[in-house]
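All chains, full assembly: derive it from the sequences and hints.
Each protein sequence line maps, in turn, to chains A, B, C and D.
Each residue of the first sequence is one higher than the one before, starting from 1 at the first, in the working numbering.
Each residue of the second sequence is one higher than the one before, starting from 1 at the first, in the working numbering.
Each residue of the third sequence is one higher than the one before, starting from 1 at the first, in the working numbering.
Each residue of the fourth sequence is one higher than the one before, starting from 1 at the first, in the working numbering.
You may find that some hints are simply not true.
Which copy? The list can't say, so a pair holds if one copy fits it or any two copies do.
[To be verified] Mimicking DSSO-like on lysine-lysine, the simulated pairs with C-alpha atoms at most 27 angstroms apart in a straight line are:
1. Lys142 to Lys264
2. Lys264 to Lys275
3. Lys27 to Lys347
4. Lys232 to Lys220
5. Lys5 to Lys27
Because the hints were derived from the structure by calculation, they are not lab data.
Number of protein chains: 4
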Amino acid sequence: MRSLKIGLIGTGFMGRTHSNAYAQVNKFFDHAIQPALTAVCATNAPKTAAFAAQWGWESVESDWRTLVNRPDIDVVDICTPNNTHCAIALAAAEAGKIIICEKPLAMNADEARRMVEAAEHSGQPTMVSFNYRRIPAVTLAKQLVDEGRLGRIFHYRAKYLQDWTINPNLPQGGNTLWRLDAQAAGSGVTGDLLAHSIDLALWLAGPIAQVTAMTETFIKERRLQDDPDTVKPVAIDDACAFLARFANGALGTFESTRYACGRKNQNTFEINGEKGSIAFDLENAHQLEYYNHADDGLVRGFRTIPVWDGNHPYMSHWWVPGCAIGYEHTFIHQVSDFLDGLERGEKRVPDLRDGYATQLVCDAVLASARTGMWQPAR
Amino acid sequence: MRSLKIGLIGTGFMGRTHSNAYAQVNKFFDHAIQPALTAVCATNAPKTAAFAAQWGWESVESDWRTLVNRPDIDVVDICTPNNTHCAIALAAAEAGKIIICEKPLAMNADEARRMVEAAEHSGQPTMVSFNYRRIPAVTLAKQLVDEGRLGRIFHYRAKYLQDWTINPNLPQGGNTLWRLDAQAAGSGVTGDLLAHSIDLALWLAGPIAQVTAMTETFIKERRLQDDPDTVKPVAIDDACAFLARFANGALGTFESTRYACGRKNQNTFEINGEKGSIAFDLENAHQLEYYNHADDGLVRGFRTIPVWDGNHPYMSHWWVPGCAIGYEHTFIHQVSDFLDGLERGEKRVPDLRDGYATQLVCDAVLASARTGMWQPAR
Amino acid sequence: MRSLKIGLIGTGFMGRTHSNAYAQVNKFFDHAIQPALTAVCATNAPKTAAFAAQWGWESVESDWRTLVNRPDIDVVDICTPNNTHCAIALAAAEAGKIIICEKPLAMNADEARRMVEAAEHSGQPTMVSFNYRRIPAVTLAKQLVDEGRLGRIFHYRAKYLQDWTINPNLPQGGNTLWRLDAQAAGSGVTGDLLAHSIDLALWLAGPIAQVTAMTETFIKERRLQDDPDTVKPVAIDDACAFLARFANGALGTFESTRYACGRKNQNTFEINGEKGSIAFDLENAHQLEYYNHADDGLVRGFRTIPVWDGNHPYMSHWWVPGCAIGYEHTFIHQVSDFLDGLERGEKRVPDLRDGYATQLVCDAVLASARTGMWQPAR
Amino acid sequence: MRSLKIGLIGTGFMGRTHSNAYAQVNKFFDHAIQPALTAVCATNAPKTAAFAAQWGWESVESDWRTLVNRPDIDVVDICTPNNTHCAIALAAAEAGKIIICEKPLAMNADEARRMVEAAEHSGQPTMVSFNYRRIPAVTLAKQLVDEGRLGRIFHYRAKYLQDWTINPNLPQGGNTLWRLDAQAAGSGVTGDLLAHSIDLALWLAGPIAQVTAMTETFIKERRLQDDPDTVKPVAIDDACAFLARFANGALGTFESTRYACGRKNQNTFEINGEKGSIAFDLENAHQLEYYNHADDGLVRGFRTIPVWDGNHPYMSHWWVPGCAIGYEHTFIHQVSDFLDGLERGEKRVPDLRDGYATQLVCDAVLASARTGMWQPAR
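Written as structure tokens, this is what we have:
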């Protein structure tokens, strides 16, 4: 078994999910390559050491430039706030490393383009972590679309609703709330949530030609997490909705917010085609809804497919039919797929170029929200 | 158009549903026979007159014997408390009338048998009002079973859960609470609710060979509605559950209660066969769940069939696809089916003999609950 | 009891629902006024006569001008294709009649404005038939909003999805398919389906300030129903989606189509407020989803409220708790509410002015779809 | 950190789930004790070695007696077929080991009693692996019951439905199908599935006083997995249903089968109390349904609680609110709870005595199925 030496930058929420994925993947998937938890990097030394001990990282770094240039590192895995992705990726490409990067790929499309160009120039494989593609029900959806089971697509309909910022007393910025800080995050729900929805849409229904959008910031100012006496304007988008025309003629509607009381993680999509429809909801991620227009009309209806049989994507690697997997497994799947690509010398998606495509749509959405005009999105 | 002169006895809840059905049926179904609301009978003269005015009954009676013997009456429709069904039906049979009777057919199987024998001796058609057979989704279930879509049946699983007597201060007996009075009702949930479940089971899965049962009365005594200072023991069953072996080898489970907090009218059944399964819930009566084992394994799951397309039972007579009908429509359907039988000179089910079959199971259930032994049920 | 003499124009789908409502309302609701089915009017004399016989209309007319000017008629009820509403309403106002009109009120806002002005000049009450306001679950939603249970509203999200025109061989125009003919219908899904969604939105969340929209015609040409050898371009919108900004600052998303395979009548809305959320789906119209943020966090979640208890809107007039009503009942409720307004001499909504407000939004939507620009919507 | 040296016997399905639990627990839960994967034992040496390599077991054994008597082993974890549990447990108790045992505890209550007595004599802690208690939604249900939120319990209703043996060509016995072999399994669905349902019932609603039951074997004979030319009678129960009376007066219904087409792992329970109801379904294990009778009647209904907030049992240890966990996590939770008990020197349940209590009910169920009589169950 060959070792793939990982250097992880960032020990927050995504640092945890990636650490777990590297540790678990070989227990459930057969690969000739095994990720080695070689080094982890974050600025707070004691916390980083504790993190390393808990997850089994062999060494720690406090400066990402050091990690990126360590000769024993094969993969640079970027799990830091969005405003650092570009610089790290450019340095990693320069150092000839394989790049894995959390989403959204960058602060804007210009950064993303530079990252793609650098990585493609280096010739190393890349991956952007749009982990929801690896939910078995979503992978199944892709398979059904590719098999032509929906026929021509008329409609794509996506939502990503949460409610965790509805409290006006929640502060912004700082270590755990940087997603509310435009300096660190680039945007609000557009980059954080809609990026997921857009990536799935591009994968499932093809390129988006143009968009018209609106954004809103409901709570106009918040205290700073790191300086509670200071109140500052909120610069991110709390909510964003847009209409889209796909290149294939389908119509799209997209909406995201962190102000939908009671919706914790409602990432949904529905696709209506001439031969059938499919619908997915992350809050019931073990299921896919499917309507087959060719079914006998007497007994036709949406089928709730529990996606946990042995013939469903990824599921034969886990337990037995009827046993659900969860959120963390999407990260294990994406590492497994990536290892598979390395072993076969084949490209796997989504790579940085896919992350750039999503960034182009995000930029078009934000531009349309500013201008009130339809914007091209690719 | 020929007129069928109805004499309705009873102006309670069922009197209303039957009145509405007679008035509505010819607006939605084409029949050569039209029910005439000829006479309505109840003991309270002013209330009966008001009822007649509201629903369009042409005349009123206060003594059911008078009504039964009126020569202008074709049909005696019995909507009174259970302890009066037998006497009225025997008199109606004697008078050569068509009999329509609310469920449960009688206080016990012995009464029911005498009613059947009298009616069959008279040679007139009969109907027992197990209206839930006429929910389009339930009729569709019957059609699927008859077409062999489930194959051999392994399991039949029924519940009928309500919660309206959970308040210990609810009195018993009297005009509106006779269902809590064993003298008037014969039994509690067994005759009131399980009779529905049993009728559907016999229709959908065939005869029940034997049963073992338990009953319980949770609130042991209640005040009388008509005499609030008097507290009396409660003699009905508040809850009843039984196991059944069907003649075809299937296993059955049945349960009913009026103490299931939050369940208002949850009348459910599920049938598991070798080729598939179906499931129904009265609280979502516009749907039937269907699982077809022969479906492509990749996209197999329970289908939620909205039973409101033009090709579904009864539905072409109503509005357009996607428009729900409700509770009252089951009574309209059963009148329509009955008229159809009269027009064609054909027997329609359920008739009094079917009501007797259900009564035999009810009696076996109650006997088993008393003795603790399995009892034959037919 | 006083009689209110109805003159109905149109014997199609809506003619049936209105006829039924007039015949049923006094059986379930106590009113001093009783609708009289005085005259029905349609062009095809034999069919009109049969319709009158079936539903109990006392007389027939073939020219709506005659009916409108009959002195014995109190109410002119307009159930004809959209392109006739304006002329009939203007004539009815001129004749001093009460006007009831099907939705959408008119072909465009200009017609609608003239109808409102004429009706208000006549001083007679009016009603536009946005029947979905009278679904008990929807009326309950209004009540919850008015009680302040949601607090400040952040989001309004509506869909109205159907699939009945997905077959490219379906012809356009003619007697039963005039909804596909822009000459008769004015628009496609915008006037037919989104008008419902918009009316509910205005009622539940207040005025819409501006919109941006897109429309699409997926099947570009169809045969004529009345001349099957002739193929003509399809001029209606098959699908329409728009973003909205409400006057109160809430964001709205709206979408409608007749190309959503498997969605028969999926008219949904969801409202997210600072204190809670509600969600409704016409395909499960007996339920309202409600999330109360103030609930104990340990047991907090969306409640599925079965809207069939005695304390729910309209329900005490029907059967017993747990018994569903259906589509047709919405029309009975609106007649009952209208009679109540007449009896009390009070205005009831939605009246023609409300129909005009919806028409203004529809016009803004269609204008935005043409221009690609945000449009004011009131 | 102190090490707890585990000796695992059995490398099948449960061997995998336990191995994963030991490896994962300290990454997510803070414990002073860390399980060490010291030794794994199974008869097939090459397969055992491969299993050890994959999961990180430090040594292998092929004879469980050797493992049980190794002085470096603290815990004997029994994941072998049911007919070996008793002998291993008795030896482990004799050797003074901590015992963890898969369910059902034994082949019958007599074995179970001997196991309990031996373990209690040894004075070491024990655990029986009824992992479903550790689903957060189920643990929450227990918490709600214990807080008195349901009040007096009227009804307990459980099902455990699967369909994986519906194919008559499936063989019996052998390495992977020993659950169909009465010699190895003791019983069919009663020990395999109903044992789970019974354990949850005893935990949530208290002791069961008596039962009446029926069992059935639908497919009467099957080929042997290890000798495909030999057909033998099937001696296990394919399906089992029973009625129960709880010591507290509640009524119970229980049913299990492997012949419910389309039900993969439908382990459900519903409890109806005087103050409310709760309902759970393993096929949607991230949710708990809860009905609070004290809610304002206008907005009362079953709440779907997504059990993934930080205040829900176990969930603060995982990801962020809205991120589901899966089947394997129940095993991690039970190890964590067990470690917690060891650290605090406190008893944790379910221990072997709880496994014995369930076995008593299973025996009573099987005895009642044989005799047709009610049987005491404790």
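Outcome of the hint check:
In the homo-oligomer, the alpha carbons of Lys142 and Lys264 lie at most 27 angstroms apart both inside one protomer (25 angstroms) and across protomers (24 angstroms), since each shortest distance falls under that limit. Taking identical chains as interchangeable, the C-alpha atoms of Lys264 and Lys275 lie at most 27 angstroms apart only when they sit on different chains, with a minimum of 15 angstroms there against 32 angstroms within one chain. In this assembly of identical chains, the alpha carbons of Lys27 and Lys347 lie at most 27 angstroms apart only when taken from the same copy (24 angstroms versus 32 angstroms across copies). Taking CA atoms no more than 27 angstroms apart as the test, Lys232 paired with Lys220 passes inside one copy only; the shortest distance there is 9 angstroms, against 53 angstroms between copies.
For the homomeric pair Lys5 and Lys27, the shortest alpha-carbon distances inside one copy (17 angstroms) and between copies (21 angstroms) are both at most 27 angstroms.
Violated hints: none; the structure is consistent with every hint.
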